[in-house]
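Colleague: Next come the chains, spelled out residue by residue.
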Amino acid sequence: MATSGEILEALADYTVQCNENKRLRKMQRDWTKLIHFNAEETGEQFTMNVVKGEILSCEPGAKGTPDVIVTAKSEDLCDMFWGDLNPSQKYLQGEIRVKASQEDIVRIDAITMIIWPD
Amino acid sequence: MAELKKVIKLRTVISASTGMAIATSCYVAGIQVATILVGELAWISILVAGFFCLLSAMCFSELTALYPTAAGIKLFIQQAFNEKTSIVIGMFYVLLGISMVGAESYLLSSVLSSVFSIFNPFYDKIFWTIIFILFIMLINFRGVFISGVAQDIMTYVMVAFMIGVSLYAFATIDINFSLAAKSAKFTFENVMQAAAVGVFLFVGFEWVAPLAEETTDYKTVGKGMLLAVGLLSITYSMFIVAMFSGLTTAQLESGSPIPHIMFGKNLFGAAGLVTFSIMSILASMTSFNTGILNTSRFAYAMGRDNVLPRVFSKLHPLYATPWVAILFLGCFAIAISLVTLVTDMYFFVIIMAAALECFIYVVAALCVIRLRKRKPDMERSYKVPFGIVIPVIVMAVFGLLMLGIFTDITRDYSGKELFNNYWVAVVMGLFLLCMFLYTALIVPIFKKRAAERAQTKVKRRPGKA
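Top to bottom, those sequences are chains A and B.
Counted from 1, the first sequence has number 29 at position 29 by our numbering; the numbering is strictly sequential.
Counted from 1, the second sequence has number 237 at position 237 by our numbering; the numbering is strictly sequential.
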């Protein structure tokens, strides 16, 4: 089970990786979303604010009304943010659940695929 | 827990489910239903088909309540059985489902070539087929989505139009139901055979399942599917009877692929021709666009899951759309359409789609039963009532309807034999075999390569290297 600190550390690294990736920023230039991440076994929540493809903030707690809600085990969230896990596989197995439009689901997956191509 | 900012409402779930099912090919399939039975009584078979689809919708609702995900059918089967079975059946369903585009684009191009003549009828059809598929590919490349409101307007306009025209036809055309009831063709066997083909009219209503991820309450999707099947049953029952009654015997015997256009012309002259053509384009657009949208996402996910070649997971650098998957499916659709154009075998595709739909309904019902045993305590926001009675009925009925399709012979209105339906079973069997061989021989190679890549990859998470 990953702690809140571990997830925040992973989110911080993820933010840097995303914001420094020019290709990703170009692709996501029109993508502005508020995303909630839920760690299902700990009940902890995190909010990510993406404006025009740039991650402006990642903080603990569920802030605002989200466009996307991602729910997974804390370990999977942590591994996903560090790029050690293919979220598509977990999603297809029903272990990562996403409440969003199909377009947003592909976009979220695209982020991890582009910054950590496997 | 917080709810989503944009939430899909019941109205849009119904319109999306209904819009996916209404297509240009439905008019021809409707005439085929009327031909098997008696035209004026086609509504009986349509309502029978609708009722059984309603039961199947209940099964899909329970599965969606369990796993509200765009991965849909693959995930249900994977959880109920195993991954290999889910790959074989998922790909069989999705890829063969795309072949419906062959019939759809053939019929739409027939509509367009009857209105706009450019070269000659054959080349006009090729031209319009390619233009139509390229247009759908382009909007998918660009990531243009038909919004909920637009979907609502398009679908409800189509439904209102079909019901309105039917009522007008009933008021102006003399329809003798009692005489039709005395016909020798009005038998239980024919009612069921026609109902089997009638299943085609509902093809695609279950594709609304991914919308579960955009609703506040998963029950909305289940309720929407049920209401959509009810709406489709009423609309088709009225329209097919009206259309059949509004066509002359010569028109029916001609075996035209555009009976609705002829019907519109008979009823309203040139204005009818134009209006019905526009409705046809709308119907094809909504169903085909959703088809490509869903299947390209499915292919993308399969590419990411190392089931399909990794190239399928490529995304467009500007629009973040799975362009390789869209390109592949578009080319596949064009190839199938051209084969349909050259062979004129659009009925074959329609019959195959009806059988495929029966097959997937059997699989869905089987998944409900298996998951009740495997995951009895898993939370279900919707559960099919009366235990496993309804899933068993769905399995038995659609299994028998599928067998009924395979053992029948497709004929035109004049009774001329078009083809033996067992060829449909042969083609589907061969395709299923290809999927099985692919899963058994090719997928392990992709998975092995992925595992090797994963082993060489250095873990980034501190302390996990």
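Hints listed in this document are in silico derivations from the structure and should not be mistaken for laboratory results.
The model shown is predicted, which means the values in this text are computed figures rather than measured ones.
Using N, Cα and C, we set each Cβ at its ideal position, and we do this for glycine too.
Careful: at least some of the hints might be erroneous.
[Said to hold, decoys possible] Derived list of chain A stretches under chain B, where covered just means 3 residues or more per stretch with a C-beta under 8 Å from a C-beta of chain B:
no.: 1; stretch: 48-61
no.: 2; stretch: 65-74
no.: 3; stretch: 81-93
no.: 4; stretch: 102-109
Colleague: Are three or more residues of the stretch 48-61 of chain A within 8 Å, CB to CB, of chain B?
Modeller: Answer violated; 0 residues pass the 8 Å Cβ test.
Colleague: Does the stretch 65-74 of chain A contain three or more residues whose Cβ lies closer than 8 Å to a Cβ of chain B?
Modeller: holds (count 5)
Colleague: Residue count check for the stretch 81-93 of chain A against chain B: does it reach three with CB-CB under 8 Å?
Modeller: holds (count 9)
Colleague: Has the stretch 102-109 of chain A got at least three residues whose CB is nearer than 8 Å to a CB belonging to chain B?
Modeller: It holds: at least three residues are needed, and the stretch 102-109 of chain A offers 6 whose Cβ sits within less than 8 Å of chain B.
Checked against the numbered hints given earlier, this structure breaks only hint 1.
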